[in-house]
Amino acid sequence: MRTNYDVIIIGSGIVGSLTARYLSAYDINILVVEKESDVGMNTSSANSAIIHSGYDPAPNTLKAAMNSLGNRLWHTLAPELGIAFKESGSYVVAIGAGELPVLRGLYERGIANSIPGLKIINKAEFLTREPLINPDVSGALWAPTAAVIDPFGAVLAAAENAVVNGAEYLFETEFTGFISGGDKITGIKTTRGDFSCKWVVNSAGIHSGEIAKKAGTRKDFIITPRKGSYLVFDPVKLSINNVLFPVPTDKGKGTLVSTTTHGNVMIGPNNEPCENMDDSATTRAGVEEVLKGAKKLVPSIDQKNVIAMYAGIRASGNAGRDFVIDIPVEIKGLVNLCGIESPGFASAPAIALKVVELLKSAGFELKEKPGWIPVRKPAPHLHTLSLKERAELTAKNPAYGRIVCRCEEITEGEIIDAMRSPVPARTYDGIKRRTWLGTGRCQGSFDMPRVIQIMAREMGIPETEVTKKGGGSEIVFRKTKEVPAR
Amino acid sequence: MEKKFICIRCPQGCEITTTLDGLGAITDITGNSCKLGIDYVKSELSDPRRTITTTVAVTGGELPLCPVWSEKPIPKDRVMEAAAVIRPITVAAPVDINQVICENILGTGINIISSRAITKGGQ
Amino acid sequence: MKKIYDVVVIGAGPAGLSAAIEAKKSGAGDVLIIERNNEPGGILLQCIHNGFGSVIFKKDLPGPAYAWNFIEQARSLNVEMVFDTMVVDITGGRKIYASNSVEGFIELDAKAIVLAMGCRERTRAQIMAPGDRPAGVFTAGMVQRLVNIEGYMPGKNFVILGSGDIGMIMARRLTLEGAKVIKIIELLPYLTGLRRNYVQCLQDFGIPLELSTTIKRITGKKRVEAVETVGVDETLTPIAGTERVIACDSLILSVGLVPENELSRKAGVVLDPLTLGPVVDETMATNVPGIFAAGNVVTIYDLVDYVSMAGATAGISAAKFAAGAPVSPPAFTLTPGDGVRTVMPQKITGLSGPDASVLVELRASREFAGRVSVNILEDENIVYSHVEKYARPAEMITLKINWNETAKKLSNNKSGLKVNIAKI
Ligand SMILES: Cc1cc2nc3c(=O)[nH]c(=O)nc-3n(C[C@H](O)[C@H](O)[C@H](O)COP(=O)(O)OP(=O)(O)OC[C@H]3O[C@@H](n4cnc5c(N)ncnc54)[C@H](O)[C@@H]3O)c2cc1C
Ligand SMILES: Cc1cc2nc3c(=O)[nH]c(=O)nc-3n(C[C@H](O)[C@H](O)[C@H](O)COP(=O)(O)OP(=O)(O)OC[C@H]3O[C@@H](n4cnc5c(N)ncnc54)[C@H](O)[C@@H]3O)c2cc1C
Ligand code: SF4
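Protein chains in written order, with this note's numbering: chain A, -2 to 483; chain B, 662 to 784; chain C, 17 to 440.
Calculated from the structure, these hints are not laboratory results. Heads up, some of the hints might be wrong.
[To be verified] Label pairs and their computed distance ranges (CB to CB): (1) C:96 - A:299: 49 to 59 Å; (2) C:385 - B:769: 52 to 62 Å; (3) C:286 - A:238: 40 to 50 Å; (4) A:383 - C:19: 18 to 28 Å; (5) C:286 - A:462: 40 to 50 Å; (6) A:73 - C:54: 39 to 49 Å; (7) A:296 - C:286: 25 to 35 Å; (8) B:782 - C:96: 17 to 27 Å; (9) A:462 - B:663: 12 to 22 Å.
[What the hints assert, rightly or not] Below 20 Å or equal to it, Euclidean Cα-Cα: the simulated EDC-like pairs (lysine to aspartate or glutamate) are: (10) A:234 - C:105; (11) B:703 - B:742; (12) A:364 - A:165; (13) A:478 - C:193.
All residues carry an ideal CB built from backbone N, CA and C; glycine is no exception.
Could you build the full structure based on these sequences and the hints that come with them?
As structure tokens, then:
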């Protein structure tokens, strides 16, 4: 195994993975270390999935700049990387006359941030666009450049594209400390040994503050994690046409009602304290708060039709609530990307390009690599294809004919694709996130036994070693007939 | 003395109330929908029994396990004991339905038999 | 496989097997069952416990042995069966699209279709069990399949949420296979499964049952480490201060079954919002001509015997339809009245068979401790009445009605009839 790299990136969220992807265009060796068993297991796969247009951040902040550039970049990057991306636009909806003036304020801020196409729409027109909206609606701010993305799909696409272009990923590998020589970082320590490098990119999400501190930088920067819960609905039971935000409050953007790229209505988040840095447990109170918030916009939402719930953790920093994107002066060889909270996803491509720029301006030689492949073709999702296309694919590969997950109609062929991709799925959740298997109404209760078998076969391990999300999360303990010693 | 039972002879689960005299003999019985209920109460009082259903390992079969059951109910207090005896049993495929898997379990005179067939193959 | 069949049955569980057998016996030529599993039998193959066949065979058989009778019959009647094949779409015009790894993508036509897809289980989100999302949270049916068929034990120390039958049966199974079941908790103030299962699965093994209790939180980053339970009041609201943490490595959810009707919906079949299955008449016909339905896909049954009977009815009706017999439109509707949660069939033609015998399956909406009469009403006028010793939501009530007799009592020429349960 190689232990010497040009750049080591800590964290494989959207920020780390897009950084790896843009850096993979250059003739350097890149390693991404990730403590979890897969890419994007944390905030980058538990968020609102909105590529915000950019009217919200205060003008002249990094957030404002990164968001509006990031939004523009996503519109071409998503198709290039084969990421599910819906150019839906978004609305901020005012309920009751009292909220109407807020729309005006947001509109003005959007103009200051040079956001194109913003428009305030009156009640009558909005009612025709979203029939299920609370009838007390008084108006809405339309932001046409906003979009909905498949967040995990985006992280995976970036990571796969980086790997195809030579970047390496190590999972279940936790950064534990820096190795430095004099005024310069020369490598990192991890739970899988030491690695040397010229540059470290700190894109560890909620843990980016601690890591910055370990390098002796950003000493007073503190991240206070706050979680936001989401509920996902059965698409047969509830359908909403648009992305709907309530008017924001000083607590944040509020509880939105949206439809994922996969077609499920999703509501959330709320904003509640975490018990510790990694506390992403949903709570009864939180779930109720989300339901209440969403019902303000769409009163007919019914909790009976919820099929999944989860929470994401905000990396809210104290640096005037702006992003930290810089090369610190205290020590050489480090790029800090801290406090990348919302709109961090929308901003991620701009942040990644900014990293490239920062490295160049710090004198790091980045030579373009001939033969860089910027385009990624995603594995097929059979249920999205026409009957004819399905028939053709199945004729070529019979495994595409064997349906394993009944709700989402995921085939054995798609599971095998996921396990043989450039960033292979090695866990049940990894397969789930890549294929949508087990995400429908039955939430895996039908497919799990079969998937365990396919995984064991593909990985050449016993079924008892198949995990849900990495070591320690084994799904079955023993064979029914292996009698435990008494 | 009054004693209540829930009959388990069929899914209806009648709630049966019996009155017992000082010697434990039944003097009255109500709540049963059929004769099986009386039978059940009598056996619960004198010799409670249960059908045991479990599985045994199969070698060389299309499936790793074969479901089995006691062709008649066995004494209730010996169910765990019977389970322990059955647990390590392995049979070779093919297995026929109603094949005797364990003869005269725990000397009760009752056989453990298969409740389905398992053909050879796979595994 | 042929391109066109007289009758195509979707699902080879007891409903589907009976439908195919009776369709054949009623003269249908080409009868095909499409099954996504690799063998016939449906859910019965994993129900290795006894308790099947009390009505039809007057015996207490394990699930696989019950299924065996029907599988053998279907084979000897040359019912064609394809396995490992999943139907993905059906149209109102009775075109069927299916997929497998041998023939690939399959398209065929049926003169009549019987829907017999069974049910699926409710899951964690539907009962709003908050907390972490570790490995070790399973539905009861999944555990049943893992332990009884695939041969894997998914944990060592279990807590079971829900006092439904599958949960109780799995409590006993896991105990017999050497695992520890710490307790079963139930949100409602009463048992939701059959009482016989409480006796023989919990009481016999000393497994405690705690009513009016739910899960407040699941903890464990990787694998379940504990669940926190909380008591609830009559309105099912958690009572602060009654929280208790139970260390365990697995949580099993046995919180109910839901008819599996994705395909029905695609075919334009109208569903009943209460049963969540197709609206059918006593011939098991849906609103779409030539599409029939039977078994758990229509309403969740307690007893497989009645599933087999409904399947047989659907099979006979499908064979008739395929042979071009005229369709009789429903003349009456049955809707739940006081004390009744669901009724099936929801419509009645009143024209089937010489004795016009109709099986009505219903569930009570609340507990009735003492004797009750189950009535069919035309306005206030009782046209049919039947006495039960009690009525509980957990136990389905089956009425066997001679419709000719009942129809004679109808006076007002009303088509809308109600079913109620009244205390005597
Ligand atoms: C509730 C909520 C809603 C949001 N909605 C939106 C939205 O609609 N639009 C938008 O643009 N943004 C949104 N965001 C923000 C957006 O999700 C984040 O800004 C973005 O995902 C951050 O990406 P990241 O790569 O920095 O962090 P992460 O995705 O958290 O990635 C960091 C990675 O680093 C790994 N890591 C941490 N420590 C170590 C270590 N010591 N060693 C190795 N690996 C380590 C972690 O495991 C993780 O995988 C939302 C955020 C939240 C919480
Ligand atoms: C755990 C449990 C315990 C029970 N215990 C008892 C008991 O003790 N006594 C008793 O009498 N009854 C009992 N029952 C009830 C009885 O077993 C069921 O009501 C009966 O088996 C339902 O039969 P079915 O044919 O409707 O459905 P199923 O048996 O579920 O059959 C449906 C079939 O359709 C197939 N299918 C579904 N969708 C598709 C598709 N798209 N394409 C192809 N195939 C498809 C499925 O794979 C399945 O094989 C129990 C039920 C359960 C779940
Ligand atoms: S008394 Fe008869 S009907 Fe009642 S539960 Fe026992 S066997 Fe069934």
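Q. Between residue 462 (chain A) and residue 663 (chain B), is the Cβ distance one that fits in 12 to 22 Å?
A. Roughly 56 Å apart at Cβ, these two residues miss the hinted range, so it is violated.
Q. Holds or violated: 17 to 27 Å for the Cβ distance of residue 782 (chain B) and residue 96 (chain C)?
A. holds (21 Å)
Q: Starting from the range 18 to 28 Å, see whether the pair residue 383 (chain A) and residue 19 (chain C) falls in it by beta-carbon distance.
A: holds (21 Å)
Q.
Taking 25 to 35 Å as the stated bounds, is the beta-carbon spacing between residue 296 (chain A) and residue 286 (chain C) within them?
A. holds (26 Å)
Q) Has the hinted range 40 to 50 Å been met by the Cβ atoms of residue 286 (chain C) and residue 238 (chain A)? A) Roughly 25 Å apart at Cβ, these two residues miss the hinted range, so it is violated.
Q: Kindly confirm whether 49 to 59 Å is satisfied by the beta carbon distance between residue 96 (chain C) and residue 299 (chain A).
A: For residue 96 (chain C) and residue 299 (chain A) the Cβ distance comes to about 43 Å; the hint is violated.
Q) Going straight from one Cα to the other, do residue 364 (chain A) and residue 165 (chain A) come out at no more than 20 Å? A) holds (19 Å)
Q. Does residue 234 (chain A) pair with residue 105 (chain C) here, judged by a C-alpha cut-off of 20 Å?
A. The hint holds at about 19 Å.
Q) Does residue 742 (chain B) lie within 20 Å of residue 703 (chain B) when you go C-alpha to C-alpha? A) violated (24 Å)
Q: Please test the hint of 52 to 62 Å on the beta carbon pair from residue 385 (chain C) and residue 769 (chain B).
A: violated (39 Å)
Q.
Given the hint of 40 to 50 Å, is the C-beta distance from residue 286 (chain C) to residue 462 (chain A) inside that range or not?
A. The hinted range 40 to 50 Å holds for residue 286 (chain C) and residue 462 (chain A), with Cβ atoms some 47 Å apart.
Q. Taking the beta carbons of residue 73 (chain A) and residue 54 (chain C), is their distance inside 39 to 49 Å?
A. For residue 54 (chain C) against residue 73 (chain A), whose Cβ atoms are near 46 Å apart, the range 39 to 49 Å holds.
In terms of the numbered hints stated before, the structure departs from hints 1, 2, 3, 9, 11, listed from lowest to highest.
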